[in-house]
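There are 2 protein chains.
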Amino acid sequence: MQALFKRILVNDIQVSPGDAILVGLSGGADSMVLLDVLLHVADSLQLAILAAHLDHGMRPESADDAAFVARFCRRRDVPLTVGHRDVPALARQHKQGLEEAAREARREFLQQTARVEGCRFIALGHHRNDQVETFLHRLLRGSGLSGLAGMRLRSGPFIRPLLSFSRQDILAYLDDHQIPHVEDASNADTVFTRNRLRHELLPRLRDFNPRIEEHLARLSRRIAVEEDYWTEQVDAYLESSCEEGDDGLWLSRQGLTGLHPALRSRVLRGALLRLRGDLRGIGAKHLASLDDLLDAPRSEAEAHLPGVWAARRYERLWLRTAPPPDPTDFAVVVPGPGVYDLPGGGRLSVSLNQGCLGEDRWATEFDADKVPFPLLVRPFRKGDRFYPCGAPGHRKLKDFFIDAKIDREIRRSWPLVVADEILWLPGLRRGHGRWPQTVGGRVLRLVASGLSRPNQSL
Amino acid sequence: MQALFKRILVNDIQVSPGDAILVGLSGGADSMVLLDVLLHVADSLQLAILAAHLDHGMRPESADDAAFVARFCRRRDVPLTVGHRDVPALARQHKQGLEEAAREARREFLQQTARVEGCRFIALGHHRNDQVETFLHRLLRGSGLSGLAGMRLRSGPFIRPLLSFSRQDILAYLDDHQIPHVEDASNADTVFTRNRLRHELLPRLRDFNPRIEEHLARLSRRIAVEEDYWTEQVDAYLESSCEEGDDGLWLSRQGLTGLHPALRSRVLRGALLRLRGDLRGIGAKHLASLDDLLDAPRSEAEAHLPGVWAARRYERLWLRTAPPPDPTDFAVVVPGPGVYDLPGGGRLSVSLNQGCLGEDRWATEFDADKVPFPLLVRPFRKGDRFYPCGAPGHRKLKDFFIDAKIDREIRRSWPLVVADEILWLPGLRRGHGRWPQTVGGRVLRLVASGLSRPNQSL
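Just so you know, the protein sequences line up as chains A and B, in that order.
First residue of the first sequence? That's 1 in the UniProt record's numbering, and the numbers climb one at a time after it.
First residue of the second sequence? That's 1 in the UniProt record's numbering, and the numbers climb one at a time after it.
Only chain A is shown next, with the shape it has when bound in the complex (with noise of 0.2 Å):
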């Protein structure tokens, strides 16, 4: 065991000499051995190998526990950090289970001794076994893919140089060596399905396939290195093609619809953790409606997913931790030339001129004596209708917008220039007429200022 443990040390870990590595440290079979195995490579390795130890706070024994890691580490000159978290209280706090609450905590512990004590790796106890009950486990639970991906070998800090063994590799190492421990208590929430997975099903898995515990280790680590390649397209990806604002996320539509399904669904799923934080409630019937949304000849739809909208925008696919806020009402009167403030950071401008100064996107020109004040700044209403400049007459004023492409949350509250009739559409169009006189007329100027494009395209 040593010597192929001592090859994972250093071709697939990659210690170097003078390397410190801390032993996250339960007293359980596992710990206790992992530790007993590196302190006898260290010197030839010249490793420095210290123990750190977490007082969970959930059982009464937990103090025993503390005492015999520090008598072994005292007895065996290993440098030991004993820490102590509420953990019930934490989990309390943060909403969690036990078991998650604990593994953050230690965690979360661990690195922070890593850090005090200037230790570059954090080696923990897991096994093979672990690996495949917890592959089981997740099987079992309906785990989708990224779920059965096997711990790795080393993650960041965190290094699991007993991963290759079996329990039972560890257990003939305890008793040959003749190494105490505790009853390890720790997977506390688990602990009675991964006593049925390995009292009960595993050994019935074993009448099909004597081996089946080093294929499904493989599978897991084969899943774990495929995770990872996807990691890598994902974050390629939304890099390249994900717009993040204030809003929510953006991705283009004709992006997505033009990738493999496969990574697509991949990006959605990245798409959802980078907004959400976590997957926890989504599913594959979700992804199905995302694709719905994408694949629809509906240009504008939404959908609800656990903790997330999503809607389509013509070409644009909007996701969202909650619906947009409903546009506020507004309605700005404006007497007569002058700066007048919209709702929403935008400004128009109003003036009367001698002559026209030329008419742009965000300018406009009508013939003074036309045009009665006070003129009113106001959202869509239901039933607006309007003369668009160059149209052969009056349409309804949604069907001018959809023909623009203007997002539904854009149209509710855009600002319109309003007199006896709707004069403008900062942005997109001015009305029909009105036109000012080639010469000598006053000319009424309009100019909105601070305003976002109405059609954003990707």
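Keep in mind that the hints were calculated from the coordinates and are not lab data.
A portion of the hints provided could be inaccurate.
To list a few chain A residues with every Cβ distance to chain B over 12 Å, as calculated [as the list claims (entries may be wrong)]:
#, residue
1, S16
2, V41
3, R76
4, G147
5, L171
6, V182
7, E214
8, I223
9, A224
10, S241
11, L275
12, P325
13, P343
14, L357
15, L428
16, V443
Just so you have them, the derived chain A footprint on chain B, three or more residues with Cβ under 8 Å [unchecked claim]:
#, stretch
17, 201-212
18, 219-230
Which chain B residues face chain A? A few, computed with CB under 8 Å, are given here [as the list claims (entries may be wrong)]:
#, residue
19, G258
20, H260
21, P261
Backbone N, C-alpha and C define an ideal beta-carbon position, used for all residues, glycine too.
Using the hints provided, position chain B relative to the given structure of chain A.
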């Protein structure tokens, strides 16, 4: 069931009005239900439904099955083609298992019938439980990810419209519609394992998770989608970066080591598949041995895999189904000027001239008075030494070859022109000295042709 079935046919399989569908009809419950449901939706979808039954010649009662199927089709007015194959004989002939031979015979018969009858699709009766049982069967057998990919709803002409339905759904339909059927005895080889899976293992798994079948079916479907993606990626890579010649496959080492480990492993599998036609017996450790060839510092090394000989040759990986043949020794005596055939298709032309014509890679010139005839053309022999032009003295020819990154196989067969010592390595280097006299002397000119470049790089 019919509404969902119709939706699957139209939306997912995308049948079109006018399509003819050939049903693979064993007479068992699954295919009988498949035929019945297809007949029910045929009119409204404007589909023509035909059937084909193959008598495998594996059981005495198989003629009864054919007769049963024929009666049913006559009554329901379904055009039926019945075929006969002696599957046991085919299995013997192709050295296959019965199961495999039966599957191949069936596919071939169905495809042929579909061609003759002008059917666009061939419908098979696989359902969700088949999917799940196949998944578990392969998982237990130790399949890699590719083996866990589920059957496709549509794959070439084959469609599986029942794939989303459970065995229960199908049996309920059978009952409701009083559909006659025979006991299905296909899958004879795996029937034992399958029965154990169905009756022993699956009930256990349902104890852990009542919806396990749904989960596993979904998982295998997702794996199938990702398999398609990988196939695309691998094919694209091999298309652009794998040289396929008479002597095997050549891949660039640099190209491979630049790939993500997940893609690299897939590409290596893909290359082996191209080479061998299948991946039987190829496991993780064999792929690891290819990785070793690529990663190790030795620039020439070999590995033996099942049905594959692999070699690193400097910056290339060489894959063959068998080791290259040992080079045959040869000796071509050159008594004087003339043209001499070399083994392997090359030629050496020897002439004596007044004055020089110039040297290049394939031509060299010596002072004729300093080179004694006969010359000898022969391959490398152990202990050969060579004084390369421009070098400070003699050295081992083997070392010269290795410095020039000449593959071992080329080293052993490359023709050397020898007088009292090695004069010339055609295409590589002339020996030191014996330069033609600048004025008036006789010049011995050697020209090699028809030899490939000794150090090809990808």
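Hints and how they fare:
| no. | hint | verdict |
| --- | --- | --- |
| 1 | S16 | 18 Å, holds |
| 2 | V41 | 23 Å, holds |
| 3 | R76 | 36 Å, holds |
| 4 | G147 | 10 Å, violated |
| 5 | L171 | 25 Å, holds |
| 6 | V182 | 29 Å, holds |
| 7 | E214 | 8 Å, violated |
| 8 | I223 | 7 Å, violated |
| 9 | A224 | 9 Å, violated |
| 10 | S241 | 18 Å, holds |
| 11 | L275 | 21 Å, holds |
| 12 | P325 | 36 Å, holds |
| 13 | P343 | 44 Å, holds |
| 14 | L357 | 57 Å, holds |
| 15 | L428 | 38 Å, holds |
| 16 | V443 | 58 Å, holds |
| 17 | 201-212 | holds (count 7) |
| 18 | 219-230 | holds (count 7) |
| 19 | G258 | 13 Å, violated |
| 20 | H260 | 5 Å, holds |
| 21 | P261 | 6 Å, holds |
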